[in-house]
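Chains as they are written, first to last, in the working numbering: chain Y, 1 to 448; chain C, 1 to 448; chain P, 1 to 448.
Treat the hints as calculated values from the structure; they're not laboratory data.
Remember, it's a predicted structure, so these values are computed and weren't measured experimentally.
Among these hints, one or two may not hold up.
Each pair may be met inside one copy or between any two copies, as identical chains are not told apart.
Simulated pairs of lysine to any residue, SDA-like, Cα-Cα distance not exceeding 20 Å [said to hold, decoys possible]:
1. 53 with 362
2. 398 with 291
3. 153 with 60
4. 443 with 17
5. 53 with 373
6. 208 with 168
7. 153 with 97
Take a look at the letters that make up each chain.
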Amino acid sequence: MPKPASEHDFLEQCFDDLFPMFRSITGPGIEQSIEYLTQFMPLVLEKVPSGSKVFDWTTPREWHCQRARLWGPNGALICDTDINNLQVVNYSTPIDRDVSLEELKQHLHHLPDLPTAIPYVTSYYKENWGFCISNDVYESLSNGTYRVLIEAKFIDGGVPFASCVLPGESEKEVLLSSYLCHPSLANNELSGPLALLSLYRRLSSWKKRRYTYRFLVNPETIGSLCFIHRYQDHLNKFLVGGLILTCVGGPAERLRYKASRRGDTIMDELMFALSEGKEGCGISLEYQNFDPTSGSDERQYCAPGFNYPMGQISRTVYGEYDGYHNSLDDKQFMGIDSLLNSVDAIERVLTVFEISGYPVNQSPFGEPQLGKRNLYPSMNSQSTRDKSDDMTIDSRTKLNRILTLLNMGDGLNRMRVVADACHCSVEELRYTVEELEEQGLLKLEVRS
Amino acid sequence: MPKPASEHDFLEQCFDDLFPMFRSITGPGIEQSIEYLTQFMPLVLEKVPSGSKVFDWTTPREWHCQRARLWGPNGALICDTDINNLQVVNYSTPIDRDVSLEELKQHLHHLPDLPTAIPYVTSYYKENWGFCISNDVYESLSNGTYRVLIEAKFIDGGVPFASCVLPGESEKEVLLSSYLCHPSLANNELSGPLALLSLYRRLSSWKKRRYTYRFLVNPETIGSLCFIHRYQDHLNKFLVGGLILTCVGGPAERLRYKASRRGDTIMDELMFALSEGKEGCGISLEYQNFDPTSGSDERQYCAPGFNYPMGQISRTVYGEYDGYHNSLDDKQFMGIDSLLNSVDAIERVLTVFEISGYPVNQSPFGEPQLGKRNLYPSMNSQSTRDKSDDMTIDSRTKLNRILTLLNMGDGLNRMRVVADACHCSVEELRYTVEELEEQGLLKLEVRS
Amino acid sequence: MPKPASEHDFLEQCFDDLFPMFRSITGPGIEQSIEYLTQFMPLVLEKVPSGSKVFDWTTPREWHCQRARLWGPNGALICDTDINNLQVVNYSTPIDRDVSLEELKQHLHHLPDLPTAIPYVTSYYKENWGFCISNDVYESLSNGTYRVLIEAKFIDGGVPFASCVLPGESEKEVLLSSYLCHPSLANNELSGPLALLSLYRRLSSWKKRRYTYRFLVNPETIGSLCFIHRYQDHLNKFLVGGLILTCVGGPAERLRYKASRRGDTIMDELMFALSEGKEGCGISLEYQNFDPTSGSDERQYCAPGFNYPMGQISRTVYGEYDGYHNSLDDKQFMGIDSLLNSVDAIERVLTVFEISGYPVNQSPFGEPQLGKRNLYPSMNSQSTRDKSDDMTIDSRTKLNRILTLLNMGDGLNRMRVVADACHCSVEELRYTVEELEEQGLLKLEVRS
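Construct all of the structure, not just a fragment, from the sequences and the given hints.
Okay, here's the thing in structure tokens:
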């Protein structure tokens with residue numbers, strides 16, 4: 001399903017604009033990034049004030065870092081965040097003084113195995129400062145006095161997040177979320193929000209949305225906790241499924257789905273079917289069980305006190321590429337085409353998710369009189385016995401699907417189970433479901 | 001277990017009397033058939049008036065067809081329901097006029113693959129008329145003017161059904177049901193009601209019935225819906241199991257059980273055990289899961305709004321014989337012996353069903369003192385350790401069964417599970433169960 | 001884990017003192033035995049009066065047998081309970097008269113297959129008298145007049161039992177029980193109470209007991225019923241697990257655990273894991289499902305009306321040795337070393353049982369902020385990503401265990417399941433559990 005060049009170009013332009021912004025989990029960079037996205041989707045910014053109690057956490061002050069620089073003994077500029085904002089340890093305290101090489105090395109981060117890469121390092125919750133440099137540069141440092149200048153301050157502000165919704169027939173909500181706190185990283189940062197933006201544009205053009213879709217961007221971990229803290233009642237009431245989007249670019253051939261903690265949500269079941277080659281929609285997908293020891297914001301949504309039906313979708317992740325959390329993770333590595341391929345697949349998943357709920361027969365006492373609705377042959381003879389109405393040739397299959405949907409439609413069986421009983425995909429049942437809905441014989445329900 | 005010739009002869013006489021009656025889902029033929037059976041079992045006829053709302057259905061008017069005839073261009077009589085009442089499309093509208101062969105052919109039904117068979121065709125809920133003829137006759141028709149005369153009228157009457165009960169120790173009820181609406185068909189019609197009649201006679205001579213047994217005859221589909229509509233509260237309160245009897249004659253070697261929608265009722269479990277060769281009672285039986293896309297009245301009982309514990313028992317069914325719904329389905333094909341063989345098996349199944357409930361230990365706090373009831377050796381020595389009382393040689397097996405029945409008898413385990421734990425059949429536990437019941441130590445419970 | 005010689009010697013002395021006491025299910029012998037144990041553990045004796053209704057049973061009168069003797073025709077003493085108290089049928093009625101050999105033989109018990117063994121025979125609930133002799137003696141009896149003298153009486157007294165507790169942090173109780181009614185038998189009698197005594201001494205020296213431990217000795221069957229009858233409310237409220245100790249000596253290499261009737265208690269699960277070689281603590285154990293047809297007091301605890309979480313632990317049992325219930329079951333056969341080996345294993349099992357409950361995350365809304373508790377690396381860089389804090393080298397494993405404990409800690413998963421998810425034993429999680437408990441992040445709960 002090749003997309004028009006314009007979508008590619010549009011996302012590439014967004015990427016180029018967003019990449020250099022000096023982001024962190026708070027402060028001007030992330031807010032500027034959110035504001036940029038607001039041009040294309042009606043995100044509403046919210047902030048949870050610094051020092052707030054958010055479940056077990058206390059929200060940090062905002063980090064405003066104007067610029068950080070490091071000069072060598074000879075006065076040469078070694079680090080400058082105006083050139084590459086990965087070069088300062090994120091959330092570094094301000095400093096302006098001379099240090100020996102020995103002292104400096106305690107504050108330098110480099111990657112011996114990747115000599116040219118600049119690592120991405122943070123210290124959000126413990127006061128510290130530091131610089132990140134390539135190993136090549138690190139090895140070339142000579143003894144002498146270095147000057148460090150980090151122009152930063154901590155300000156009472158708040159933790160930002162932003163969301164918008166596309167309303168659907170039901171208030172039941174699907175949450176699509178990504179994080180936007182890493183500076184100058186491609187796959188493990190911008191791929192997520194850009195996929196979110198692309199999905200917003202596509203879903204807004206759907207003719208029919210059964211669910212309301214919420215799109216959320218936040219700083220990782222603390223941002224999702226702030227969102228959940230503020231929206232907990234809403235989520236408890238309306239959330240029926242969702243995806244954390246992370247690392248959805250890169251060269252990996254298959255998407256990877258990490259199931260929710262429950263492991264039996266409608267989305268889990270659908271993704272598992274896809275991983276088994278069902279639904280025949282050409283999506284190659286790997287299914288993994290929930291794991292609390294690594295991952296992204298699903299670790300918060302899937303804490304035992306919430307246990308929300310949130311999974312995580314990714315493509316090229318930690319452990320699968322050298323560039324994880326360093327400057328090798330750039331646009332070329334991520335690939336706009338790869339990102340678009342992920343978006344295609346996720347959109348397709350959501351179209352199946354839309355009809356993956358629980359069918360409920362509205363006339364469950366005996367078989368409804370299908371004949372009067374032109375869904376059953378009016379004459380019972382050998383020549384009509386294989387047909388479901390008088391017009392359609394060989395529509396016995398359709399009649400079987402109708403009878404199966406109605407009989408299994410007790411509100412306890414999901415569409416996936418019905419589809420298995422019909423030896424077809426959920427997708428293939430769509431037309432029959434919609435016809436029965438129009439006749440008032442069936443409703444699709446969903447539960448959180 | 002050969003039956004006395006009288007049962008064979010009795011059923012053959014009933015068959016011969018009932019076969020030619022001009023039945024439909026309403027009207028004189030089915031009522032006459034019910035009245036015939038009333039000579040031998042105390043069926044009470046009930047009718048749901050025409051035009052009644054029965055769940056999603058509206059009951060039809062009665063079809064009174066006096067006679068239907070078709071004459072050829074030369075005046076020769078081609079069809080005459082006085083000769084074979086399959087020859088008119090059941091529920092045909094009245095007509096009396098001349099038609100061309102071309103027009104007539106739109107109303108003729110024949111079976112090209114079975115040149116001598118007259119098909120059975122109905123059009124209950126859409127106004128139409130037609131004749132059914134063999135393909136041989138169809139091929140011989142010459143151009144010209146044909147005379148059609150269907151002397152029929154539609155009358156405000158009702159949908160009939162009839163039932164009677166054999167009371168048992170409990171008001172909990174087992175429903176045995178068959179349909180009686182097809183005219184002049186043997187396996188797929190009279191085998192069911194005749195088996196029902198035979199079972200009525202046998203069960204009425206049982207020394208002990210734990211359950212109440214209800215015997216029901218009705219027109220297929222609409223008749224079972226009418227019965228359920230009127231008896232729904234009763235069924236909800238008392239029904240604990242039952243069988244739809246259909247096509248229980250014919251040459252097939254094995255009986256076939258189609259499970260209830262629940263798939264885990266006591267009857268389902270028993271039939272599954274039989275299909276696995278358990279219960280060792282020589283019944284060869286095939287077990288099939290419930291399927292809403294074909295079958296008989298169990299499709300109504302097992303609609304999701306009812307979900308009653310009703311299965312279907314059959315022998316030679318649709319897809320397994322050429323004569324399905326045509327004149328080849330006659331007494332010779334059905335076979336009275338085959339029918340009796342089915343009755344033997346069903347009676348045997350019911351005797352096991354009687355003790356297939358949930359044993360409930362009436363003295364569940366510790367082991368009861370079996371010694372004072374002469375169920376345990378009074379002296380504990382090596383020579384008595386293998387015995388359960390002082391009189392019986394090698395009755396350790398019996399003691400083990402007693403202890404197992406009492407220990408598992410918490411009202412949650414079925415007899416089937418206890419029997420498996422005892423490495424024997426439910427049947428083999430009967431005597432021990434009855435002994436413990438007499439001692440007041442055990443009750444058998446059943447749940448719907 | 002070799003024990004100091006003193007434990008061996010201590011138990012051997014107890015064995016030698018207890019062995020000759022003339023025990024029965026009531027009367028002076030069992031009370032004297034309990035009083036002996038009271039020197040070393042604070043057992044409190046209770047009695048349920050003779051003639052009491054205890055569930056389905058009526059408690060018997062006490063049997064006081066001073067001495068029983070049998071003389072031959074030549075005046076030679078053949079049996080004398082002052083020499084071996086197995087020689088009288090336990091609960092024999094008093095008798096003092098001359099009998100012919102023919103009459104006598106009706107009251108003699110011997111074991112043709114074991115010519116030198118004196119069998120142990122009882123007749124608690126039916127009046128009778130008899131003597132037990134070796135087959136060699138039996139074969140040598142000559143015709144003539146024998147004199148039988150059984151000096152016994154039945155007294156209104158009661159059925160005794162005795163228990164004491166070691167209190168723990170929780171009132172939830174673990175019950176360790178054995179029976180003490182057989183006279184002069186070693187493996188199938190004294191091994192149980194002696195193991196109980198040894199466990200009492202060991203557990204009393206534990207630094208921390210999460211549960212309260214109750215130690216119970218009683219006459220088999222009737223004694224456990226009397227205890228349950230009196231303590232039923234207490235057991236219903238507090239009992240969370242327990243073991244019947246029986247036949248824990250003897251030459252068998254492996255311990256054997258017979259599961260509770262539930263089959264899914266924490267103890268059952270732990271024992272099953274041990275039988276599968278998990279927990280890696282070198283205990284070789286066979287796991288058997290519950291069976292109501294043989295065994296000891298667990299048959300009463302696991303009656304359906306109680307269904308208590310009680311299993312049975314044994315080593316060399318009925319069917320596995322010739323000496324069962326006869327004089328071959330002596331100290332040499334039982335072996336003090338074998339008994340101590342069983343005690344070692346049971347103590348080890350109990351230490352794992354202590355932490356085998358349900359972890360409950362006390363901060364379940366999102367991940368707790370582990371960094372502020374020094375349980376998470378304060379700086380996120382490649383070099384710290386594999387660590388859980390700043391001090392510990394390679395503590396990623398520990399962090400994973402923390403995250404898994406917290407995420408699975410919803411009060412529904414047992415430690416066994418968490419351990420499996422962590423690919424380690426429950427024992428290996430002990431330190432992490434305790435650290436999280438100290439931090440207030442986790443509580444271990446247990447349910448009956």
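Do the hints match the structure? See the list:
1. 53 with 362: between (47 Å within a copy, 16 Å between copies)
2. 398 with 291: Close across copies (15 Å), not inside one copy (41 Å); limit 20 Å.
3. 153 with 60: For residue 153 and residue 60, the Cα distance is within 20 Å only inside one copy (12 Å; across copies 85 Å).
4. 443 with 17: neither (45 Å within a copy, 49 Å between copies)
5. 53 with 373: Between copies only: 16 Å across, 59 Å inside.
6. 208 with 168: within (7 Å within a copy, 58 Å between copies)
7. 153 with 97: This pair counts as within: shortest intra-copy Cα distance 16 Å, inter-copy 102 Å.
In this structure, the one hint that does not hold is number 4.
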